[in-house]
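Chains as they are written, first to last, in our numbering: chain L, 1 to 465; chain R, 466 to 673.
Hints are not guaranteed to be accurate.
[Unchecked claim] Below are the DSBU-like pairs computed for lysine-lysine, each with C-alpha atoms no more than 35 Å apart in a straight line:
#1 L:Lys180 with R:Lys534
#2 R:Lys598 with R:Lys563
#3 L:Lys239 with L:Lys192
#4 L:Lys154 with R:Lys664
#5 R:Lys563 with R:Lys664
#6 R:Lys609 with L:Lys68
#7 L:Lys68 with R:Lys672
[Stated by the list, open to error] Derived coverage of chain R by chain L (criterion: at least 3 residues anywhere in the stretch with Cβ under 8 Å from a Cβ of chain L; other residues may be distant):
#8 515-526
#9 555-567
#10 649-658
#11 664-672
[Unchecked claim] Quick partial rundown of chain R residues pointing at chain L, CB under 10 Å, derived from the structure:
#12 Thr468
#13 Ala481
#14 Asn502
#15 Phe622
Treat the hints as calculated values from the structure; they're not laboratory data. We put the beta carbon where it would ideally sit given N, CA and C, even for glycine.
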Amino acid sequence: MWAFDDGTGPSFPGPTYVSRYGEANLVRNINQLPANNGGFGLNSVSTHLHNGHTPSESDGFPCDFFEKGHFYDQHYPNVLAGILSTHPGTGDINESLGFLFYHDHRLDHTAQNSYKGLVGSYLLFNHLDTGDETTGFRLPSFPEFDVPMMFADKLFDPESSPAGLLAFDLFSLDGVLGDKFLVNGKIQPFFKVKPRRYRFRWVNTGPSRFYEFFLTDPKNLSARNPFFVIANDGNLLPKPVQVESMRIGVAERTEVIIDFSKFAGKSIILENRLNQLNGQGPIVGAECNVPEILPAGQGNQLLRFDVDSHPVKDESALPQNQSFYQLPEIVEPRVTRTLRFDRLNGQWSINGQFIDCDTIRFAVEQNSAENWILQNVSGDWTHPIHIHFEEHQIISRNFASPTLKVEHSRKDVTRLQPAERVQLFFRFRDFHGRYPLHCHNMVHEDHAMMGRWEIEPTGDNKVLP
Amino acid sequence: MKTVTRRNLLGLLSLAPAAPLAGHLLAAPALAADSGNSARALLQRRNFPNLKLQDQDSREVHFYDDLIKDKIVTINFFYAKCEGICPTVTANLAKAQKILGDRVGREIFMVSISLKPENDTPAVLKEYADMFKARPGWSFLTGKPDDVEHLRRSLGFTNLDPRLDQDTSQHIGNVRMGNEPLMLWAACPGMARPEFIAKSILWMIRKG
């Protein structure tokens, strides 16, 4: 494995950044990765902070990689979108993003290098989301009751020497799935929790799997165990939404409040019941008599919560009574662009073209609003589409307002399902520079399903860039 | 959980091999020819079958020993009478070869394998190579149909959908590139710009 080391020793996942809006971080990334990769991985890296409102040179653009023996300084300003435009000096509070993550984004090698361990969490607090359950939004206190969890599925090679080394299929063009499920670097761990509310920040670090999280009581498989979703892709929702399950693709994040007081003295399983057989994505509907959602207890057991029986103090707010940020206003777009995600003879493309570091596909005008229409013309594939730098809102899925309440939110990864057309609203503010848009099935992005676009003082009007 | 706060942020974050696997990796001799179950040997066994093939000059070659081992290579599949993407891909590779200059044949080798080996005899391949002005260092290969199929599968040039997989006109148009001793492998679309294909090949040459 490869890892980030903050000077206290390498760790997987990498160290969790605990940051506050208005306080910048300056990070020196020093590449000391070995020449001998042990089987896969390229010792050339670009660390992307997903999805900071970060100037281009510090974003971790896939073509801004640096080699072994070199370093790269990244400045994370931790500012709200709008700070140099619509909301001078402060930024728009409704653009607050609380849960980000960082990972290697080296062009063509993101899957290998991230899978090999180059990932970590990044938290951003402010005066409302304080990390203290007695102030602001009164969300469960960090770090004891507010816990980031990075999910990853991996393969271990029984034939390697020594047996059980991390394995990666270098020759897949579709996507790679693992059969061992890791949470924060541990396979199927258990977690002792107190019978009270917790905030969990779940991120799917890929490379290619989709999850649908359920809470399963192994002694009562028919019980429904709802929980509250409070944030989508790190963006607190207008109001918490009660659900029985939550689906995320690679790089999507969901934050939830689970109240364990009703499970005092029990063990509860966090289970992925989404059925996925290959890189194509989750089974859609029921295919070949195989269900899309597996029965309770027959999915992937990700983590076991062992709930203590002694009541404890809980000063966090009841989710049903809470409200957070408002969705930023949707305004008339300056231009509407269409991006078609396709597959031609196994070659992943966007509007028939492939990533090329030197080709700028289109220029967005600084401080303007746009609509982007994502069309899936690749057949039975699901693509989690990620656009760097700005959060978006989903205006429609196949011309209808999203049916899932949790999608009435700000996002930075949107799942583009088979035969789907998704319309997104963006504002591009404050900074100039180059950014990518890409499929976040990391195997697809490594095989060119990516495009470079720019924010410039004057934008273009390419509608099919 | 390890945390970095602004207060204790060292301004330093280095990328390093992690324990406990690192010990093993670092202890392994860097570029020695491997045997047994080393990562390199496993890759060879699983992905690079040492099958007998014939090139455009009717020379008999072994896929792993003669074309892959200790080399920086590109690999793609095509067939001579292809009316789909092959002419574009082969032309792009020819341009990439030109960009790379005399490094091809010395440092970098190119391998194109026919998906219709029964039609693509060495003479046909020779004519095809000449048509695209292929220079030395680029092998066009044919072999027994079963062997070619085995190679295609071992190298991941497959479609998930069995119907598409059997349709040769839908064959995978990507170009693989790799550095065999360093176990670096990537692929890019054969229809990408030749300059980008050439650049992707050069990324396989490591300096550090």
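We went through each hint and held it up to the structure:
For a cut-off of 35 Å, the pair hint linking lysine 180 of chain L to lysine 534 of chain R stands: about 32 Å separates their Cα positions. The suggested pairing of lysine 598 of chain R with lysine 563 of chain R holds, with an alpha-carbon distance near 10 Å, which does not exceed 35 Å. Using a Cα cut-off of 35 Å, the hinted pair lysine 239 of chain L and lysine 192 of chain L holds, with the two alpha carbons roughly 28 Å apart. Between the alpha carbons of lysine 154 of chain L and lysine 664 of chain R the distance comes to roughly 30 Å, so the proposed pair stays at or under 35 Å and holds.
Simply put, lysine 563 of chain R and lysine 664 of chain R have alpha-carbon atoms about 12 Å apart, close enough for the 35 Å limit, and the pair holds. Simply put, lysine 609 of chain R and lysine 68 of chain L have alpha-carbon atoms about 43 Å apart, too far for the 35 Å limit, and the pair is violated. As the CA atoms of lysine 68 of chain L and lysine 672 of chain R are separated by approximately 9 Å, the hinted pair is consistent with the 35 Å bound. Closer than 8 Å: that is the beta-carbon criterion, and the stretch 515-526 of chain R has 0 residues meeting it against chain L, so the requirement of 3 is violated.
Figure legend: the stretch 555-567 of chain R, annotated as covered by chain L; annotation inconsistent (0 residues with Cβ-Cβ distances under 8 Å, at least 3 required). Counting residues of the stretch 649-658 of chain R whose CB lies closer than 8 Å to any CB of chain L gives 10, so the stated coverage by that chain holds, three being the minimum. Chain L is given as covering the stretch 664-672 of chain R, and this holds because 5 residues of the stretch bring a CB closer than 8 Å to a CB of that chain, at least three being needed. Proximity of threonine 468 of chain R to chain L holds as hinted, the smallest CB-CB distance being about 5 Å (cut-off 10 Å).
The interface hint given for alanine 481 of chain R holds, since its Cβ lies 5 Å from the closest Cβ of chain L, which is under the 10 Å cut-off. Annotation: interface hint on asparagine 502 of chain R holds; nearest CB of chain L at approximately 4 Å, less than 10 Å. At a threshold of 10 Å, the smallest CB-CB gap from phenylalanine 622 of chain R to chain L is about 8 Å, leaving the interface hint in force.
Against the hints set out earlier in the document, violations occur for numbers 6, 8 and 9.
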